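Q: In case you want the letters, here they are:
There are 2 protein chains.
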Amino acid sequence: MSNKPYKGFEPKWLLTPAPEGSYRSIFRWGDPEFFKYPKESLYNLMKETFKMTDDDFKDYTDDIGFDQVDLSEYPSKLAKKHVDALKKIVGDAFVTTEDYPRLAVAYGCTGYDLLRLRHKQIENVPDAVVYPDTTAQVEDIVAYCVKNKIPLYVYGGGSSVTRGMEAVKGGVTLDMRKRFNKVISFNEVDQTITVQAGMSGPKLEETLNNAQSIFGAKRAYTCGHFPQSFEYSSVGGWTVTRGAGQNSSYYGTIADIVLSQKYATPIGRIQTSHYPREATGPNLNQIMMGSEGTFGVLTEVTLKVFRYMPENRKRFSYMFKDWKTAMEAAREMMQCECGFSSVFRLSDPEETHLMLKLYNVDETPLEPILDKLGYRDMERCMFLGFTDGEKGFSRNVAKNIAKIALQHGGFPMTGYVTKSWEKGRFNDPYLRDTLMDFSIITDTLECTVNWSNMEQVHRDVRKVCHALPNTVVTTHMSHCYPQGANLYFIFITKMNDADEFKRYHTTILDAIQKSGAAISHHHGIGKMFAPWLEGYIGEKEYGVFKTLKNYFDPDYMMNPGGTIGLDLKPEEKKFLNERKDYR
Amino acid sequence: MSNKPYKGFEPKWLLTPAPEGSYRSIFRWGDPEFFKYPKESLYNLMKETFKMTDDDFKDYTDDIGFDQVDLSEYPSKLAKKHVDALKKIVGDAFVTTEDYPRLAVAYGCTGYDLLRLRHKQIENVPDAVVYPDTTAQVEDIVAYCVKNKIPLYVYGGGSSVTRGMEAVKGGVTLDMRKRFNKVISFNEVDQTITVQAGMSGPKLEETLNNAQSIFGAKRAYTCGHFPQSFEYSSVGGWTVTRGAGQNSSYYGTIADIVLSQKYATPIGRIQTSHYPREATGPNLNQIMMGSEGTFGVLTEVTLKVFRYMPENRKRFSYMFKDWKTAMEAAREMMQCECGFSSVFRLSDPEETHLMLKLYNVDETPLEPILDKLGYRDMERCMFLGFTDGEKGFSRNVAKNIAKIALQHGGFPMTGYVTKSWEKGRFNDPYLRDTLMDFSIITDTLECTVNWSNMEQVHRDVRKVCHALPNTVVTTHMSHCYPQGANLYFIFITKMNDADEFKRYHTTILDAIQKSGAAISHHHGIGKMFAPWLEGYIGEKEYGVFKTLKNYFDPDYMMNPGGTIGLDLKPEEKKFLNERKDYR
Chain R
10 MSNKPYKGFE PKWLLTPAPE GSYRSIFRWG DPEFFKYPKE SLYNLMKETF KMTDDDFKDY
70 TDDIGFDQVD LSEYPSKLAK KHVDALKKIV GDAFVTTEDY PRLAVAYGCT GYDLLRLRHK
130 QIENVPDAVV YPDTTAQVED IVAYCVKNKI PLYVYGGGSS VTRGMEAVKG GVTLDMRKRF
190 NKVISFNEVD QTITVQAGMS GPKLEETLNN AQSIFGAKRA YTCGHFPQSF EYSSVGGWTV
250 TRGAGQNSSY YGTIADIVLS QKYATPIGRI QTSHYPREAT GPNLNQIMMG SEGTFGVLTE
310 VTLKVFRYMP ENRKRFSYMF KDWKTAMEAA REMMQCECGF SSVFRLSDPE ETHLMLKLYN
370 VDETPLEPIL DKLGYRDMER CMFLGFTDGE KGFSRNVAKN IAKIALQHGG FPMTGYVTKS
430 WEKGRFNDPY LRDTLMDFSI ITDTLECTVN WSNMEQVHRD VRKVCHALPN TVVTTHMSHC
490 YPQGANLYFI FITKMNDADE FKRYHTTILD AIQKSGAAIS HHHGIGKMFA PWLEGYIGEK
550 EYGVFKTLKN YFDPDYMMNP GGTIGLDLKP EEKKFLNERK DYR
Chain U
10 MSNKPYKGFE PKWLLTPAPE GSYRSIFRWG DPEFFKYPKE SLYNLMKETF KMTDDDFKDY
70 TDDIGFDQVD LSEYPSKLAK KHVDALKKIV GDAFVTTEDY PRLAVAYGCT GYDLLRLRHK
130 QIENVPDAVV YPDTTAQVED IVAYCVKNKI PLYVYGGGSS VTRGMEAVKG GVTLDMRKRF
190 NKVISFNEVD QTITVQAGMS GPKLEETLNN AQSIFGAKRA YTCGHFPQSF EYSSVGGWTV
250 TRGAGQNSSY YGTIADIVLS QKYATPIGRI QTSHYPREAT GPNLNQIMMG SEGTFGVLTE
310 VTLKVFRYMP ENRKRFSYMF KDWKTAMEAA REMMQCECGF SSVFRLSDPE ETHLMLKLYN
370 VDETPLEPIL DKLGYRDMER CMFLGFTDGE KGFSRNVAKN IAKIALQHGG FPMTGYVTKS
430 WEKGRFNDPY LRDTLMDFSI ITDTLECTVN WSNMEQVHRD VRKVCHALPN TVVTTHMSHC
490 YPQGANLYFI FITKMNDADE FKRYHTTILD AIQKSGAAIS HHHGIGKMFA PWLEGYIGEK
550 EYGVFKTLKN YFDPDYMMNP GGTIGLDLKP EEKKFLNERK DYR
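Protein chains in written order, with this note's numbering: chain R, 10 to 592; chain U, 10 to 592.
Next up, chain R with everything else stripped away, as it sits in the complex:
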């Protein structure tokens, strides 16, 4: 990352690629050659916020994880006959019990995961990693594992923030990245593509953008699904967790984009139908999405695709005077039926404060102008986004957004802020790694809130966060709908102990639950949010999930150990007697 040189002291930012085979190569995000660190004003803000000095940034808090992964204390317990049997299914080269590949698929990306890996707290690793190539192979593996009572996990892109794929019972993890990432078919007439579940975001998008040369298509397409984790996420992960991309206000969440799915389950292949709508009983697509690997392994997904028309994109950004007015403007934009913009992101005052530094607006003449016009720091709210779709549609959305923003006292900030946001949208996780070397940890929690409950959830959750020590919490609203939106909390704190962090994280999560919001808009449940799920859904309602589990996987071999709470003990569950119900 290119950055202006610091005027004062510059911390010992770690800008050396992690050695192959090292712990760091696992816990750091993405591209080994890419680094990101804060600019000086942000660095100064952090020192101030967390009461740190330059001295705290002279050396790393801990071991930076450059040593080679060593799991000699955690040897594979999978019997040789099983390893051999799995090799017979996928080929000798595609089953391994070696240390590095086992640890490489053991953890996701929540703060708890990263802290454990940094401290070599190896709690859960699979005994073997298998790299399937075909749907038939996955089906054979599922059948074999169930028959032999071997727990089975799936690693898609590795960006889970819910401990969704953590192999807490050992057994086998399918690593989908290596081979299970192929296009199965492309149908331009129906505008659909069918892919293996391990297909990565960037490979899918590149394929669709180049549909003309690859498939002889008439035009280029886009997948429309761009989560922040895009570069290291998979279609399978998107689907089973009910993910949402940052452009979801226009394209929909993955639950809207998926047309059909194929699963390898203990009771055999499950194939959902592939029609845009039907009236044929309960919707099987919507039953399988959200199962997070507990009903079986997702093998193939048919996705809707969209026309790739970046030339029609209209960028916008506005500053509002306060959160209440900004929320009202956002709601009007969502309810006025002018069509939806693609990215739609409204930051609260605390996030706006940080963003203006992050995007260098604090160094431009805009800052004093905003002040003068009454858009005051720690009150003002930044709103940004862009439109997609056909030219006239896109223009009409932007036009209405402008009109509504102005009616609500929004100050036009030009496309510059949006472009700055776009630059960082997929690489913020790199900054997180750099800061963690000095015990500054960033994590996120998010939830769905309806409009009439928005102000209260925002207030309640922030109140709890600010009562925690050393906490910066920024919030934005994104993934918006006529009935509500996602509230996304980013919290930054100074902390280094995994268990302490887990307790901290739990406190905030508890606050979200009690506020009456939906427990997750798009991160899913995994093992981390599972204790709250039954309390959120309701006991009889949750019984539906158990019933489905018992149908598909009566031996509990599919992603066992707490995912979506199916095999939690009663004492591991939290019930939300204090939960607000605003209806």
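Everything labelled a hint here was simulated from the structure, so no lab data went into it.
Since the structure is predicted, the reported quantities are computational estimates derived from the model, not experimental observations.
Misleading hints may appear alongside valid ones.
No distinction is drawn between identical chains; accordingly, a pair holds when it is met within one copy or between any pair of copies.
[Said to hold, decoys possible] For lysine-lysine, the following DSSO-like pairs were computed, each having C-alpha atoms within a straight-line distance of at most 30 Å:
(1) 432 / 191
(2) 227 / 333
(3) 16 / 48
(4) 97 / 549
(5) 227 / 330
With chain R held as given, fit chain U onto it using these hints.
A: Okay, now just chain U, sitting in the frame of chain R:
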């Protein structure tokens, strides 16, 4: 209905209101004072098609059902203690075992139902009818019926075309029309309304249109859901069958419009969550929708509402030269991302032929002009619709539709045709009653088809229909999506025997199934389509429905007797080995 006087012989159209308490008052559609009969050119077409003469229209084929309902041969079998217990729950006046109210809720509106009623083929009537007032009462009734093994059915609006609510096991039918039709709450901030399940379409729409005076709202709203059965359909029926309104291309089907639901099930109250999207496991809303009363009784529904802006509506209609070109234009309109029109209806050549007569276009100078320009009868295809939404959005959709229509050789037919369609959109069922007096019966079947399969399904189904004796079959595409659309077949034949009609109906349904279409887009499954469902969904996939049934209603007391196939015997099921799979 005002009509021009016939020049020639005018049939003895029945234009006398059916007496209160008569059979006819049950089997005829809607408003007792409203009648509709064909204009002369259509009458002549029918005579020609069905090889009938004026003599056939001199008198009715059968008894017209003016006599009083008499179920003395089918007395109520419900023990007095049960009747008394039910009265204790809802009040003495709201439980009845009398003949008329029992027969009034026994049948729906498929041709088989109407023919049976016309011939007094009383096969299935409930033993008692209960008129609940509150959700608590419904919950008590469900608990009582389950405890005492009394089958429980629900009658919402009575417009089922799938025998969905037919009380084949006797027992109790809840008639929701009388009292279970109230607004529970209205939330203008979230743009939602919560209603009891028996709320009728017109009452809901009237309430929303008058939200300002009723709720003190800032503006007027619309429900956005207008099935042809609108005037005699209920929110509960829409929801449990996964219905779609004629404006669904813009507003979505009911599965898109419903935000949350409450059910009284044998295991207790089930309340789904009420957020626009969430990532909290399988989607319970989508599990309950489509259950068609077999998991429990739907009590309350929260629906999204939309701004009522009829002033923004743009009507359009175009004539295309042939079905293939018309389909291509329709697909481009759906895939170009300009937004969707509200009504979007494309008729095939045979339907176009009939429509031009129905809307009197055959009597205007347009007819020879169309011929001259190469839009030939029985080749040309009529396309019509209108837009909704914010002014600029609506205009942009209409503009793009115009552009694409012209690119595909569409000839603008002005808003006249659309307005004619609008006039008849909710009252065509009256015409059906009038014609049935002379053994001319109309019925419909519909299915979802993806674009790449559209031509084949249309061809295959029509081929089978045309091999049947005396059959007119018209087809239109409506409820359209980027990936496909609903194909709606209307067939008209000369037939009077219920069982003969059932066999006839089965033949067409079989053809739809074999063609590879989705078995139903929005009519649901009921008892009529149930034999095909497992074959369509797949055996293991269908097992999910059975599993859910066993969870909610292990004693099979909720809408028992074949609905969605849950308690069908193996020999009653049809399997579709011949089914095409075009993927």
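Q: Identify every previously stated hint that the structure contradicts and give their numbers, smallest first.
A: Per hint list: zero violations.
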